[in-house]
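So you can see what is in the structure, the chains are spelled out below.
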Amino acid sequence: MTTETLTRTTSARLARLDPVTTLAWGIFVTAMIIAVAGPWLATHDPMMFSAAMNEAPGNGHLLGTDDGGRDVFSRLMVGTGLSLFYGASAALLALVLGAGTALLAMPLGKPVEYGLFAVVDLVRALPGILFALAFIVAFEPGAFSVVLALGVSFAPNFAIITRATYQQQMAQSYTQAAKVLGAGPGRIAIMHVLPNIGGALITQFAIILPRCIVAESVLSFLGLGASSEQPTWGRMIAAATPYMEGAPHALLAPILALSAITFALAIIGNAQRQRLTPAQKRIPA
Amino acid sequence: MTTLLSVTDLHVTLDTRNGPVEVIRGLSFSIGKGETLGFVGESGSGKSITAMSLVGLAPPGTSLRISGEAVFDGADLLALDQRAMRAFRGKRIGVVFQDPAAALNPLMNAGDHIREALPTGLSRADADRRVGELLAEVGLADVPNVRRRYAHELSGGQQQRVVIASALAGDPDLLVADEPTTALDMSVQAQILELLHSLQQARGMAMLLITHDLGVVSKYSRRVVVLQRGTAMEAGPTASVLGAPRHDYTRMLLQSRPKLVATAAASSEQTREDILSVSDLSVSYPGQGPLSPRIQALDAVDFALRRGDALAIVGESGSGKSTLGKVLVGLVGPDRGRIRFQGRELRPARMTTADRQAIQYIFQDSYGALNPRLNVEQALTEPLAIYGKPRRTWRDEAVRLLEEVDLGSHHLTRYPGELSGGQRQRVNIARALAVSPELLICDEIVSALDVTVQAQVLDLLSRLRLTRRLSLIFISHDLAVVGALCNRTLVMRNARVIEEAPTCDILTAPLNLYTRSLVNAAQELAPAASSSTSMTI
Amino acid sequence: MNSHSFRFAASIGVDLLRAVAVTIGIIVFTFFLIRMIPGDVVDVRGIEGSLTYSQQSVMREELGLNKPWLTQFLDWSMMILSGDLGQSARFARPIADLLGAVLPSTLLLGATALVIGVVVGVSVSVLAVLFPRSIFVKIVDIITIWSIAVPTFSIGIVSLIVFAVWLDWISAIGNFLVPAIILGMDAAGSITKALHEDMREAETAEFVRAAQARGLSRTSIVLRHILPNAFTVTIAIVGLMLAGIFTGAITMEVVFGLPGLGTLTLQAIRGRDYAVVQAIIIWLGVTVIFANFVADVIRKLINPRLRTI
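Residue numbers (the working numbering), protein chains in the order written: chain A, 6 to 290; chain B, 521 to 1057; chain C, 139 to 447.
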């Protein structure tokens, strides 16, 4: 067995056995289950106000109630799916926008490439949230604007990765060798370029996804994201912040949920990156 | 002669990420004061690791476990701790590295490299003076502003001179030269070896000269150690070891050495028409930055290749020889010029399928040319798929191709990382043969291989030339390897063709001054071959 | 001027041109993005009932909002280029005054975070490479994972609960230091991740072995050979990180209720005060572009190979 396959399998095994990574996968799977089954797990109507405001956990409310007397546990169950959905949609949009435009533009030659990446430079120069804020102002606050804004502001990450990997792959001797053999652009793209870009994009997606989830929460927190009808984590945090002295549980529940999922995704993404890196590095001949 | 370094029963184990590897098994040798000892062996023989382990330097990402004894001027080097070892590094034992471009810090200029190697406690003026003296000693005094130049502003030979100067800055008693010319151009190699030799003589220091090249040791060292897989196969006076080798391995090394002799015959084809003719071909690349001038890679190149002939294109790095090969398969677009292939115009920018199939190209980097995700079978069947061969024939065809290049069906499931360099290059050749080309272009395909493997691949190409009735273009920096394969040789320099003639004429009676200097350099490194009588003209 | 300094100057000139081009791009982008919005500041104040209809049209006239958009753009561009950021319709004050009032606190927060990030990140990375068997290697791992896995927003809110509610320390330590440390440690994580990895990579370079063979001490090898070679990438990262630090500063200001750019931005957006939003975007964009330009110049000072024209 050669060095390369050895390191790949060893690190893959380590990545599986590492207890932190195992915990991360556990959190991730739990979150996915809640995201899908949330509405059925809710014990109360997450929207129903009651007079029992800011009550501590217990007394029929697993995680207590918030400032409107709504059941925090039920809101969390329903909100998880919403927050993850908006975050994932934004990350997916960024992936499609960034990778798609780069992949379409790269074969069209230098002028198109330079033009596209001038725009990428521009978007990157603006602080992410501020850029999103400008977008939200332009399209009215709301979930749609948030997804669109985050998608656009994270798209450059994918465009840059795509361009770098594409250039790197096209410069590889083996894509040139395939060209010499008579392989057309389609075959080269499918056999030689895309498998490698795919790996890089998945890794980048794993890094961007938690950042999109957090950014969506921040925007909701600032009152610019999902409408108040939707109990996203950001909305719950915003609503609970003024009462944190009397009812810290209403604040802690969503913030811990947000922290747990970003932690899990970041660890999984990092493990994924570590696993791919040695395989991409070539051993000396 | 008093002994300077005496190594007894040296064992070295490398601790790598994948476990320990025993690289030196019970090696003993000694170097006298002021003597040059040659260390010869192929890659993996442990010749570099031996030298580096004496100064406690492990290859990156590994650590050394050493046992045995290495007495240097009364002190056992292997018993020293890091701090005590530092007193020996640079001051008693200097090291010259293989690749000077890598051995120089890209962010530090030449003067600072030498200055930091000087003994501490010198005044600024004294240090400046010493740097000047050392630069003069290695022949760099006339290079303008050399102290302030960075590695990328120096030529390969100049870089190696800076490395040598910094190795001499501590006035060492022993200079370890680890393949000091392998990374350099042919004409520079001889100069650097001469420089090292004269420095060794003038300073009266001992030198451990590590090389894969028997010619080098025969010329510069009186005694030699032949290494294979971490043990000394043979040791003794150079003349007797190389003149009358007692060991098979030494004999094989000697036989595999390329000889500076033209033995390849011209094609025996009846029709002697040109398969390829090139006229006024020019190529330029954009410079580094958007405003830099373009770099001329080919400047009005003319040549023709007869069907069935094997043409060597020889030149040093940057001469444009690789670009020429790449234009012919459409990997690089020409600025102007005409290429005619098999009587038709060939347009590199829009090559027809027939042209693609007829001209194949093999890359120098055998590893990079194979997609690491595809195994040998997948790599070999890709061309079959491209040209629409029926799927059920693929496997048989792949096996047949492997056998043609002296590999077997058990290699089908291997991945590129699981093959040796020679095997990978054979797979690349088989892959090119899969489309039944008329013309095969080989770009430095043996330069990364050991001499014994090199000889085998060259034999394979000679055979294929006959069995497949191939026309060949063989691009090489090394005049010595072309004689056995190519009946014609074209010499390039600075993007131009400077001479083209039958190989035997080039080797024996070059017209051009530069060609003559290349031949002389090759002869100097291969003195034994010049006395050979097997010259065929 | 010799060819060395000419090439250096010329390559910096090219960078400067690029920075100017991106700045112009941001000015154009900002203008048109804001103009896409239905409704303007006058509408909002009309809905709020603070202006009558006739007052509204007078105000539109004053602000030039009824002119064709191209005229508006040219007028506005000239104004911006002459250094006048305009007038806030909502606060009825010059925008320069508004920005001037909040910028010092945001800049101080961002700069403190940056200093903490660079000092902690660089020293931890260097110490971990200098002493590869010490606790510093563990610290590198912890800081790195922390900054990847724990967003500043979460940790900001949690520390607000811990310090302000449970411990009631926030008045004692001041509510400036906590966000600065949170942002600083996040920056330290990004810097450590990049710098430590690059230093480990540079450590395997042949020139490091060559330096060892010359008898140099470990300290001078790390500081003179390994660190400079790894540092150019880190400087680029610090340049790019600046945008993230401002984002973080804005969020932290809102979380911790500090006056600053974040609060002003929210007010301006909620009040549809385009002129202020535009000015903030342009000011931040130019700051980030300028910081990246400075980072490029520093990288070229360290690494002569980057000085290509």
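Take the hints with a grain of salt, since some may be wrong.
[Stated by the list, open to error] Calculated Cβ distances over 10 Å to all of chain A for the following chain B residues:
| # | residue |
| --- | --- |
| 1 | Gly690 |
| 2 | Gln721 |
| 3 | Gly850 |
| 4 | Asp885 |
| 5 | Arg893 |
| 6 | Glu902 |
| 7 | Ala954 |
[Unchecked claim] The calculated SDA-like cross-link candidates involving lysine to any residue, where the alpha carbons are at most 25 Å apart (straight line), are:
| # | chain 1 | residue 1 | chain 2 | residue 2 |
| --- | --- | --- | --- | --- |
| 8 | C | Lys438 | B | Thr873 |
| 9 | C | Lys438 | A | Gln172 |
| 10 | B | Lys739 | B | Gln721 |
| 11 | B | Lys909 | A | Ala265 |
| 12 | B | Lys553 | B | Ser583 |
| 13 | B | Lys739 | B | Leu986 |
| 14 | B | Lys779 | B | Ser583 |
| 15 | B | Lys611 | C | Leu361 |
| 16 | C | Lys276 | C | Ser261 |
| 17 | C | Lys438 | B | Asn665 |
| 18 | C | Lys205 | C | Ser192 |
| 19 | C | Lys438 | C | Ser297 |
| 20 | B | Lys909 | A | Pro190 |
| 21 | C | Lys276 | B | Ser583 |
| 22 | B | Lys611 | C | Glu344 |
| 23 | B | Lys909 | A | Arg192 |
| 24 | B | Lys909 | B | Thr873 |
| 25 | B | Lys779 | B | Leu986 |
| 26 | C | Lys276 | A | Met196 |
| 27 | B | Lys611 | B | Gly564 |
| 28 | C | Lys205 | C | Gln194 |
| 29 | C | Lys276 | C | Leu361 |
| 30 | B | Lys779 | B | Ser812 |
| 31 | B | Lys739 | B | Met521 |
| 32 | B | Lys909 | A | Leu28 |
| 33 | C | Lys438 | B | Arg668 |
| 34 | B | Lys553 | B | Arg606 |
| 35 | C | Lys438 | A | Ala123 |
| 36 | C | Lys276 | B | Asp535 |
| 37 | B | Lys739 | B | Thr873 |
| 38 | C | Lys276 | A | Thr26 |
| 39 | C | Lys205 | A | Met196 |
Derived from the structure by calculation, the hints contain no laboratory data. Note that this is a predicted model, so its numbers are computed, not measured. Here a beta-carbon is modelled for each residue, glycine too, at the ideal position from N, C-alpha and C.
Hint by hint, here is what the structure shows:
no., hint, verdict
1, Gly690, "holds, 30 Å"
2, Gln721, "holds, 35 Å"
3, Gly850, "violated, 8 Å"
4, Asp885, "violated, 5 Å"
5, Arg893, "violated, 6 Å"
6, Glu902, "violated, 7 Å"
7, Ala954, "violated, 8 Å"
8, C:Lys438 to B:Thr873, "violated, 46 Å"
9, C:Lys438 to A:Gln172, "holds, 24 Å"
10, B:Lys739 to B:Gln721, "holds, 14 Å"
11, B:Lys909 to A:Ala265, "violated, 55 Å"
12, B:Lys553 to B:Ser583, "violated, 30 Å"
13, B:Lys739 to B:Leu986, "violated, 37 Å"
14, B:Lys779 to B:Ser583, "violated, 39 Å"
15, B:Lys611 to C:Leu361, "holds, 21 Å"
16, C:Lys276 to C:Ser261, "holds, 14 Å"
17, C:Lys438 to B:Asn665, "holds, 20 Å"
18, C:Lys205 to C:Ser192, "holds, 17 Å"
19, C:Lys438 to C:Ser297, "violated, 40 Å"
20, B:Lys909 to A:Pro190, "holds, 19 Å"
21, C:Lys276 to B:Ser583, "holds, 21 Å"
22, B:Lys611 to C:Glu344, "holds, 20 Å"
23, B:Lys909 to A:Arg192, "holds, 16 Å"
24, B:Lys909 to B:Thr873, "holds, 15 Å"
25, B:Lys779 to B:Leu986, "holds, 21 Å"
26, C:Lys276 to A:Met196, "violated, 41 Å"
27, B:Lys611 to B:Gly564, "violated, 29 Å"
28, C:Lys205 to C:Gln194, "holds, 15 Å"
29, C:Lys276 to C:Leu361, "holds, 21 Å"
30, B:Lys779 to B:Ser812, "violated, 43 Å"
31, B:Lys739 to B:Met521, "holds, 21 Å"
32, B:Lys909 to A:Leu28, "violated, 51 Å"
33, C:Lys438 to B:Arg668, "holds, 16 Å"
34, B:Lys553 to B:Arg606, "holds, 21 Å"
35, C:Lys438 to A:Ala123, "holds, 22 Å"
36, C:Lys276 to B:Asp535, "holds, 23 Å"
37, B:Lys739 to B:Thr873, "violated, 51 Å"
38, C:Lys276 to A:Thr26, "holds, 17 Å"
39, C:Lys205 to A:Met196, "violated, 56 Å"
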